[in-house]
Amino acid sequence: MKTMQPNRRLLGLLRKESLQILRDPSSIAIAFVLPAVLLLLFGYGVSLDSKGVPVGFVVMQPGAEAASFVGAFQHSTYFAPRVYRTRQAGREALRAREVTGLVVLSADFAQRLKADREAPIQVLVNGVDANSARLLEGYVQGVWAVWLQRELTARQIAIATPVAVQARIWFNPELRSRNYLVPGLLVVNMTLVGALLTAMVFAREWERGTLEALLVTPVTVNEILIGKILPYFVLGMGGMVLSVAMAVFQFGVPLRGSLWVLAVCATLFLLAALGMGLLISIVTRNQFVAGMIAILAAFLPAFLLSGFLFDIGSMPAVVGVITHIVAARYFVTIVQTLFLAGDVWAVILPNAAALALMATFFLGLSRRLLRKRIE
Amino acid sequence: MFAHLLALTIKEFLALFKDKRSRMVIIVPPLIQLLVFGYAASFDLNAVHYAVYDRDHGHASRELLARFQGSPTFVLAGQISRQDEIAALIDDRDVLLVLQVGPDFTADLTAGRTGQLQVLIDGRNSNSAQIALNDVNQIVSRFNADWIAAHGLQGAPVNLVSRAWYNPNLESRWFFVTGLVGLLTMVVTMMVTSLSVAREREQGTFDQLLVTPLHPAEILIGKAMPGLLIGVFEASLVALLAVYWFGVPFQGELWVLYLGILFFVLAAVGVGLMISSLALTLQQALLGAFLFLVPAVVLSGFATPIDNMTPAVQLLTLVDPLRYYLIILRGVFLEGAGFDRLYHQLWPLALIAAATLGTAGWLFRNRLGSH
Amino acid sequence: MSASPLSARGLCKTFRADGRAITALSDLTLTLTPGVVTGLIGPDGAGKTTFMRLAAGLLVPDAGSATVLGLDVARDPLAVQSSIGYMPQRFGLYEDLSVNENLDLYADLQGVPCAARPARYDELMAMTGLAPFRDRLAGRLSGGMKQKLGLACTLVNPPRLLLLDEPTVGVDPVSRRELWAIVYRLVSEQAMSVLLSTAYLDEAERCAEVILLHQGQVVAHGPPGQFSAPLTGRTFRVTGAPTRRRRLQATLARQPGVLDAVLQGESVRVVMAPGQRPDCTALSQTLGEPVRGDAVPPRFEDGFVTLLQGERREIPIPQVRVTPSFRGDAILVRDLSRRFGQFLAVQRVSFAVRPGEVFGLLGANGAGKTTTFRMLCGLLPPSSGEVRVAGVDLRHAAARARGRIGYMSQRFSLYANLSARQNLSFFARAYGLTGARAAARLDWALDAFDLQDLAGMESGALPLGYQQRLAMAAALMHEPDILFLDEPTSGVDPLARREFWTRINALAEGGVTVLVTTHFMEEAEYCDRLAIMAAGEILAIGTPSEIKAQAPRPDGEPESEMTMETAFIALIQARDQPE
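Protein chains in written order, with the UniProt record's numbering: chain E, 1 to 375; chain B, 1 to 371; chain C, 1 to 579.
Hints were generated in silico from the structure; no laboratory data involved. A couple of the hints might just be wrong.
[As the list claims (entries may be wrong)] Below are the SDA-like pairs computed for lysine to any residue, each with C-alpha atoms no more than 25 Å apart in a straight line:
no., chain 1, residue 1, chain 2, residue 2
1, E, K114, B, G152
2, E, K114, E, A158
3, E, K372, C, A63
4, E, K372, E, G209
5, B, K20, E, L300
6, B, K18, B, S236
7, B, K18, B, M225
8, E, K372, C, A74
9, B, K18, B, Q284
10, E, K114, B, V161
11, E, K114, B, L160
12, E, K372, C, R90
13, B, K18, B, F206
14, E, K51, B, L318
15, B, K20, B, Q203
[Unchecked claim] Restraint ranges, calculated between C-beta atoms of paired labels, are given here:
no., chain 1, residue 1, chain 2, residue 2, range
16, B, A149, E, V37, 47 to 57 Å
17, C, P381, B, G336, 48 to 58 Å
18, E, P173, B, D92, 11 to 21 Å
19, B, L318, E, V165, 32 to 42 Å
20, E, I374, C, Q309, 28 to 38 Å
21, E, F361, C, A181, 46 to 56 Å
The C-beta atom is built at its ideal place from N, Cα and C for all residues, glycine as well.
Given these sequences and hints, build the entire structure.
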């Protein structure tokens with residue numbers, strides 16, 4: 001029995017929900033303020049690309065060679081070298097976290113270099129932040145190799161380099177971490193609106209008793225659900241447009257895939273997130289618990305288990321299995337590919353299918369569990 | 001005075017732990033988070049899938065490639081035989097990188113020339129790409145050294161000897177697990193304190209409390225106590241798990257650690273109470289805590305080094321109590337740093353604690369009358 | 001005429017909570033008469049709300065069936081829902097939507113055509129008196145206005161059956177009367193059938209028929225007169241000893257054959273067992289003053305109480321003897337004002353409460369009653385003026401004053417997840433009691449308020465009546481001189497209300513000063529003196545009789561017949577429409 005008239009009940013619900021969103025400062029805070037703060041922090045502040053890393057050099061006997069060696073570091077934007085005269089001073093600086101690494105040139109650095117003898121340069125790094133330490137080691141090694149090559153060439157000494165590595169980095173040749181962090185934030189932001197906000201807002205209706213009055217009208221369950229989903233869907237998509245625009249125009253992240261594919265995948269992801277938010281609120285009927293569960297089950301996994309920050313392949317098997325039930329995981333994969341690589345269907349299709357499956361599951365379960373009853 | 005505080009503290013604890021929900025919020029999430037994120041949060045790569053396009057098939061290339069196969073980090077996904085297969089493999093994320101060995105590789109090497117190993121790497125996650133590239137470089141330089149030694153060639157005269165202090169194997173898990181100790185202490189302490197006044201307001205018990213002869217300062221201290229005690233307890237629990245479950249070394253002195261925990265928890269309690277005095281409803285308190293927690297974590301150096309941030313943002317981190325606490329935690333656990341070296345982290349923390357607690361007290365007194 | 005709008009056959013409903021089964025309805029059968037207002041009454045937990053929800057299709061019965069307008073509710077809830085109106089106890093208005101937007105929403109949901117709306121809205125707004133506030137957010141309306149808006153939303157599409165679940169809880173007498181006027185108009189003009197549950201027995205008395213539920217079953221069903229008729233010749237007004245009326249009431253209550261004794265102005269109204277009369281001779285001897293008893297016609301309330309009370313239960317009475325720690329008035333208020341921004345909530349209010357007095361503070365919703373009350377307890381600082389409580393200026397020694405007062409709020413305001421004992425012991429310590437003294441007070445509280453059996457239970461899970469007793473016990477742990485009660489009986493059933501006032505009377509007898517706010521006008525009769533507030537000012541102050549004397553009398557109504565409610569309404573209306 002389909003009527004061709006617009007569904008008045010649904011329109012009424014939609015209008016009500018939109019007005020409430022506009023009047024509730026916490027919706028605005030979650031939908032726009034927090035995403036904007038995150039985008040600005042990640043876009044401008046936070047980065048995994050080292051720049052101006054304080055590195056100490058212990059130069060016990062200043063000389064032309066030592067100066068030229070330290071100079072090689074000064075030219076790189078990556079380092080902010082500091083020179084120490086004694087081993088003691090250098091180690092103290094490392095201990096006091098004034099420098100994150102220390103390059104110790106032995107006292108007879110110049111002589112050994114000329115004598116072609118093994119002249120160990122000792123590199124000490126603060127290993128607490130293992131990732132940064134490893135990258136630092138790599139960089140120091142690289143600068144050293146280049147400098148040495150030049151030095152030896154100048155003195156016409158040929159040395160054997162059996163294998164040279166020639167790296168070609170695809171999609172993100174400068175290895176800017178912003179290029180993958182900012183699109184990844186899209187996922188976090190949409191999770192905030194889809195799961196956290198929706199869960200709390202719907203739970204509020206149970207708590208305030210507004211749902212009882214609603215349930216006793218001739219409104220159907222489908223209308224209630226669509227009346228909730230649609231406004232927050234628009235809000236979530238608004239957040240997405242904001243994030244994409246900021247990523248592309250503000251932070252210069254390339255968008256190599258097509259917009260419509262992004263829109264379709266974002267729709268699927270948002271539906272899954274909304275479904276999850278609705279399910280949480282239908283089960284808990286309590287704002288506080290719904291908020292906690294949404295943070296625990298949606299927000300934190302979107303941050304930590306989605307591959308946004310940490311490589312999923314390197315997680316232990318058990319944790320790796322868990323990531324499969326995190327919708328954000330699929331969307332992070334899609335987003336990183338769409339932004340940096342393009343419309344790679346072999347990546348997009350299976351991940352989009354997984355998102356569609358999760359959206360169907362969560363929305364379907366919500367539909368089944370939401371009754372026009374208050375038991 | 002003391003009897004009042006004791007009664008308030010006992011009441012707060014009873015109210016907190018008799019409620020199934022608050023119990024859940026305090027106990028379950030931290031443990032799940034520590035276990036899941038303790039394993040998940042790591043930048044180390046241990047399963048780099050790669051493909052090989054060997055156009056040489058000589059003994060040198062076999063020897064080099066065998067080293068990759070023998071490495072625990074690299075997982076061979078397959079051999080390819082045509083150039084145009086590479087794009088699909090990388091695009092589809094089947095592999096992170098492809099090693100391409102040129103046709104004259106073995107010939108070049110035996111002739112003493114330099115052979116080329118081309119590495120094509122997926123840069124979508126630039127951090128992973130960089131780490132994987134580093135690993136490739138390490139394997140190659142070890143191969144080079146061995147080749148030079150075996151064939152009596154003239155190698156580079158000076159070798160770099162590299163050593164990492166505090167974390168010789170550069171395990172990134174040590175870094176993240178100690179970070180999680182800080183993160184979880186903060187989350188739990190904030191949750192306990194920021195929701196406490198709002199919950200009483202919503203349940204209507206706050207007025208009942210205010211009409212007793214208890215002084216506002218006593219009520220405030222009563223509200224701070226559970227956060228303080230639970231925060232310290234939670235920090236101890238997570239620290240124990242870090243040492244005995246994740247095997248993170250504990251090099252420093254216990255009293256320095258607890259001094260840091262105390263100051264930090266006080267600072268977190270202060271922020272929590274500030275949010276609590278401002279929030280009128282539970283929802284506002286929850287969102288307020290959330291709005292503080294997320295930037296505080298991002299800016300703390302938990303995952304991304306503070307040194308990498310732009311100068312303006314670095315200035316912002318100076319007011320983030322978690323920043324100092326993380327340095328103290330990592331200092332005590334991994335570096336074995338003593339009071340003299342952590343003094344510069346402790347005093348800002350104490351200052352932040354004093355400021356937030358003072359503000360919370362002021363807000364508390366001044367907002368009592370308004371509702 | 002037509003078939004019954006609502007009938008139930010053998011309805012059963014059981015809820016499960018914490019592994020315990022709670023039977024809400026057991027084999028309930030009833031048939032509603034069409035075209036009239038039927039009142040649904042009964043003590044807390046009788047199953048009133050459950051029945052309404054079942055009829056509205058929000059619950060499914062375990063057994064039996066409910067038929068609404070000829071449709072089986074369980075089978076076709078949507079069809080039922082489109083022809084009934086249901087207003088739940090807490091009608092969920094969207095507080096961040098305006099009056100008009102709330103109406104629009106329900107008009108959309110109920111399928112009211114757009115063309116019909118303006119006329120319908122105007123009609124409803126005129127009926128509810130909300131017309132000037134159509135753009136105001138629902139959250140900014142007063143309690144009475146919210147209820148009227150809830151009713152308007154329910155009525156936006158005129159239903160054939162209207163279910164109202166305690167629509168007048170926490171609503172002042174004026175708004176209550178307005179709500180009733182709306183309901184009567186609907187019934188007479190549109191032949192609507194109304195089922196209305198209420199805790200106000202005077203409201204039930206106005207219904208054409210009354211259904212009394214108890215333990216999930218119908219105990220009685222018929223016109224209200226049927227409830228009081230069997231009591232003809234058994235009700236008396238006992239007068240004498242006007243200054244010691246509480247003593248008179250307490251003595252009467254203990255006399256054999258007395259089923260019920262309540263204060264009414266300066267006299268006591270009693271219901272006797274069949275064939276008995278109050279023993280006025282004995283009373284005169286005990287009190288040393290002449291006491292006489294006159295037969296009066298029975299009221300509906302008498303019938304309700306005797307039907308439910310069965311045999312009378314001995315209520316433990318808290319024994320108190322307070323020697324005030326101060327001299328002069330217990331509460332002294334002089335030129336007290338409070339403004340919120342531009343809005344002057346309380347303006348230059350002055351009054352005094354003598355030690356040992358029961359003083360009532362009455363007023364319409366939004367009259368400034370609650371604001372005044374909160375300033376007296378020290379919960380809200382006054383903008384100007386002086387407040388002395390227990391002889392102490394609240395501004396200078398608030399903590400000392402707070403040590404002398406007890407406070408009980410409208411909502412249950414103890415820690416819901418602490419047990420009764422833990423709550424009591426916390427408040428004892430918060431008031432500085434320790435050791436043996438605290439233990440002694442704890443025992444006293446558990447005994448005097450009959451809480452021994454449930455002392456270990458979580459107080460949030462206690463039945464409403466117990467919660468109320470517990471809250472009162474907690475307020476009395478430190479033997480305060482003055483007790484502040486903010487609508488303490490809101491939403492509580494008539495029997496529990498009676499028990500509560502028996503205790504208050506005992507406290508007043510023991511020298512405790514009581515300041516109470518209430519919307520129940522019969523409770524106003526229990527007060528020694530009262531003040532009626534409107535628009536932030538005191539309209540009238542005095543004993544119940546004095547207040548009645550001050551009220552402008554409607555034509556031809558003798559003063560003796562005037563109830564507190566008519567006096568209240570007359571006073572407020574006289575102020576609103578000065579001639």
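Self-check item: Hints breached by this structure
Solution: none
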